[in-house]
Structure formats: C-alpha cells, structure tokens
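Visitor: In case you want the letters, here they are:
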Amino acid sequence: MKTVSGEIRLRTKPDFDMLDITGQVSMFVAESGIKSGTVTVFVVGSTAAVSTVEFEPGMMKDIPASLEKIAPSGADYEHHKTWGCDNGKSHVRATLIGPGITVPVIGGKLPLGAWQQIVLMELDTKPRDRTVVLQVSGE
Amino acid sequence: MKTVSGEIRLRTKPDFDMLDITGQVSMFVAESGIKSGTVTVFVVGSTAAVSTVEFEPGMMKDIPASLEKIAPSGADYEHHKTWGCDNGKSHVRATLIGPGITVPVIGGKLPLGAWQQIVLMELDTKPRDRTVVLQVSGE
Amino acid sequence: MKTVSGEIRLRTKPDFDMLDITGQVSMFVAESGIKSGTVTVFVVGSTAAVSTVEFEPGMMKDIPASLEKIAPSGADYEHHKTWGCDNGKSHVRATLIGPGITVPVIGGKLPLGAWQQIVLMELDTKPRDRTVVLQVSGE
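The listed protein sequences derive, respectively, from chains A, B and C. Heads up, the first sequence is in numbering that gives the first Met the number 0, so the first residue is 0 and it goes up one at a time. Heads up, the second sequence is in numbering that gives the first Met the number 0, so the first residue is 0 and it goes up one at a time. Heads up, the third sequence is in numbering that gives the first Met the number 0, so the first residue is 0 and it goes up one at a time.
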C-alpha cells in the first residue's frame with residue numbers, strides 16, 4: 000500500500016459558489032496508479048466545504064436558499080464583533096457541512112452515482128483562491 | 000496493510016427512511032480480517048446520506064422534523080424546473096448531511112457508543128434500491 | 000504503511016461546548032512517525048460531533064444560534080417520549096453534523112488553514128466525559 004498526495008487550486012466567486020471537481024479527483028486517482036483504497040478530499044480553510052451533489056443549475060440556487068434558513072445573511076453574528084468582518088454565516092455553514100469527504104476507490108475508479116458529483120462549496124463573502132488537498136491511499 | 004471492498008444492498012421507503020446497518024458493517028469488518036485501520040461507509044447517489052444516530056423510533060420522526068426546517072417539502076425548488084421532478088429537498092438535505100463516514104477499526108471492532116448506530120438515511124421521495132460501498136483498510 | 004491508534008479524553012460543559020483539539024491531534028500524528036497518510040478523528044457517542052472551525056469566542060455563540068434554528072430547544076421531540084429524557088435536539092444536531100472527519104497528513108503535518116481548528120462539539124444537555132478516537136494510517 001502507498002499514499003499519493005496532490006492539490007487542486009481553484010478561484011471561487013463570493014457568496015455561494017459550487018465547483019464540480021469530480022473530473023480532477025478522478026484523474027488524480029487514475030494517475031496515482033492506486034486501484035483499491037480511498038481518496039480523501041479536504042479543503043484548506045474555515046469558510047468552504049466539500050460534499051457530493053447532483054451538479055445542475057437549480058442546485059446552485061436551492062442549496063444557498065436552505066443555507067439562508069440555517070445561518071441567515073442578515074443575522075447579528077458575534078463573529079463580526081470579534082473581527083469587524085462580515086462572514087459569520089460563512090463560518091457557521093462551513094462547520095456544519097464539514098471540510099471534507101472520503102470516497103472509496105474500486106478498480107481505480109470512484110463508485111459515484113450517475114448524478115453524484117464531488118463539489119467544493121465556497122461559502123465566504125469574498126472571492127477566494129482555494130486549495131483542496133487530495134490524499135489517495137491504497138494498493 | 001490491505002484493502003477489502005464490499006457492498007450492502009438495501010430497499011428503502013420514500014420520504015425519509017433510516018436503516019441501521021451497524022451489524023452489516025461490523026460483520027464485514029470482522030470477515031475482512033483487518034484488526035487495525037478504518038472502514039469508509041459511502042452511499043452511491045445524491046439523495047441519500049450516511050451518519051451515526053441513536054437508532055430508536057423517536058428519531059425516525061425527530062430527524063425529518065428538523066430536515067423540514069432546513070429544506071421544507073412545500074418550497075419552490077429550482078431543481079424541479081430543471082427536471083420536472085419533485086425531490087429538490089432530497090438533494091439539498093443529502094448534500095448538507097454528506098454521503099459517507101469513516102469509522103476507526105480497533106481490535107477488529109468499531110469503537111461506537113452503546114447508543115450509536117451507523118445508518119443509511121433515505122431522503123428521496125420515491126422508494127429506492129440503494130448500494131452502500133464499504134471499504135476497509137488496515138492490517 | 001502502518002496504523003497507529005490513540006484516544007483523547009475530555010470533560011465537556013452542557014448545552015453546547017466546543018473544544019479545540021488541534022494541538023492534541025497534531026502531536027499524536029507527529030509521535031506516530033507517519034509522514035504521509037490520513038488521520039481519522041471520531042467521537043464515541045451520539046450527542047457530540049467533530050468538524051473544523053475558526054475557533055474564536057464569537058463562534059461559541061454563533062454556532063449554537065444556528066443549531067437552535069435546525070433543532071430548537073423548546074420543540075416537542077418524540078425521543079423524549081421514548082426515554083423520558085430531554086436531549087432530543089442533541090441527537091438530531093449530532094447526526095446532521097456527523098461524528099468524525101478524516102484529515103490528510105502531509106510531511107507529518109495537517110494541512111489546515113491558519114484559522115481552521117479541529118473541534119469536538121458537545122451537543123448534549125449534560126456535562127459529559129468524552130472519548131475521541133484517533134486513527135493515523137500511512138507511511
């Protein structure tokens with residue numbers, strides 16, 4: 000067994016962005032030569048998240064609509080008093096969704112559904128340069 | 000170290016179902032012969048999720064009650080306009096909970112709490128045939 | 000490749016507590032001697048959760064404020080009827096956030112952001128003695 004490390008670098012749009020990184024993760028796994036194991040997909044930073052989704056235009060609006068119910072844009076966040084910033088909602092949303100996922104690797108491929116893509120979710124109020132760390136382990 | 004792959008196949012009920020798969024995951028880990036490592040439990044598809052819960056009848060109602068607050072059944076989802084379907088809430092809920100978890104394997108067993116079970120959550124509006132992928136890695 | 004197992008034991012405060020365990024996880028990874036792999040951080044029990052956050056005093060209030068929207072303290076939980084207890088909200092919140100995360104290990108270190116800490120979230124209504132299991136795998 001071995002471990003192969005990589006990174007994806009992305010530029011995001013502010014106030015909800017969602018980028019399909021399935022192709023990049025799949026290609027990295029294929030190039031690693033690992034046929035059986037797992038790949039961990041983990042975003043550096045506390046105002047972004049990683050999950051899977053059916054990646055289609057409707058979800059680009061439906062997901063932020065639900066996030067508004069959980070951590071509304073107009074609420075009075077204590078985080079703003081600490082730092083004089085405006086992204087309290089971003090931190091709360093990122094923590095509740097989580098920074099990463101681990102996906103099985105079987106026969107060198109990811110067993111995703113036909114309408115299931117791996118995405119980076121940008122939750123910050125500013126555009127960001129993001130680094131997603133990829134860690135493939137297996138044999 | 001080695002990796003052993005498996006699958007659990009399940010038939011679910013629509014509009015929230017929760018199936019305790021702890022026994023199946025534990026048995027698979029035991030049969031793998033791996034004593035120290037991890038098991039990744041990952042559901043194929045974008046309208047289901049995996050987590051842990053105290054599996055008891057009350058939670059079968061309490062969890063969907065909270066999911067109604069996050070992504071209500073009666074809301075006007077953009078996803079429905081894309082596909083003419085009715086499961087926009089299902090996709091949003093699945094993405095926010097997440098498709099999988101990774102659990103340590105210690106002495107060939109899972110260090111779960113006495114009232115902590117691994118569950119597949121069905122979030123779709125139709126009954127589904129689900130595949131949960133199990134990936135055990137370790138020595 | 001090898002796997003090294005450990006535990007963190009913590010005493011928590013009731014009705015939302017959040018403890019920064021980044022230092023303990025990082026030290027455990029360093030002492031394991033593993034330079035390239037992953038560490039799984041998993042809490043035993045069904046009323047606590049693990050994630051990453053910018054750990055600062057404001058978040059100690061902002062996160063529970065959002066959790067009140069998802070699973071309010073005053074709601075009428077079926078879980079209470081099952082057991083005669085008062086922590087239905089705790090279980091729902093823990094299941095939706097999730098019991099653990101897996102973080103890459105690169106060069107013997109965790110690739111966290113400067114303002115991204117690993118935390119145990121106590122969601123129960125009583126103070127608890129918690130065990131967080133650490134599983135480092137790699138080479």
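These are computed hints drawn from the structure, not numbers from a lab. Predicted model only: the values in this text are computed from it and were never measured. A couple of the hints might just be wrong.
One copy or any two copies: either way a pair holds, since identical chains are not told apart in the list.
[Claimed, not checked] Simulated crosslink set (EDC-like; lysine to aspartate or glutamate; CA at most 16 Å straight-line):
#1 LYS60 <-> ASP75
#2 LYS34 <-> ASP14
#3 LYS60 <-> GLU77
#4 LYS125 <-> ASP19
#5 LYS108 <-> ASP128
#6 LYS34 <-> GLU55
#7 LYS125 <-> ASP14
#8 LYS108 <-> GLU77
#9 LYS125 <-> ASP85
#10 LYS1 <-> GLU138
#11 LYS1 <-> GLU67
#12 LYS34 <-> ASP75
Visitor: Which hints from the list above does the structure break, by number from lowest to highest?
Guide: 2, 4, 5, 6, 8, 11 and 12
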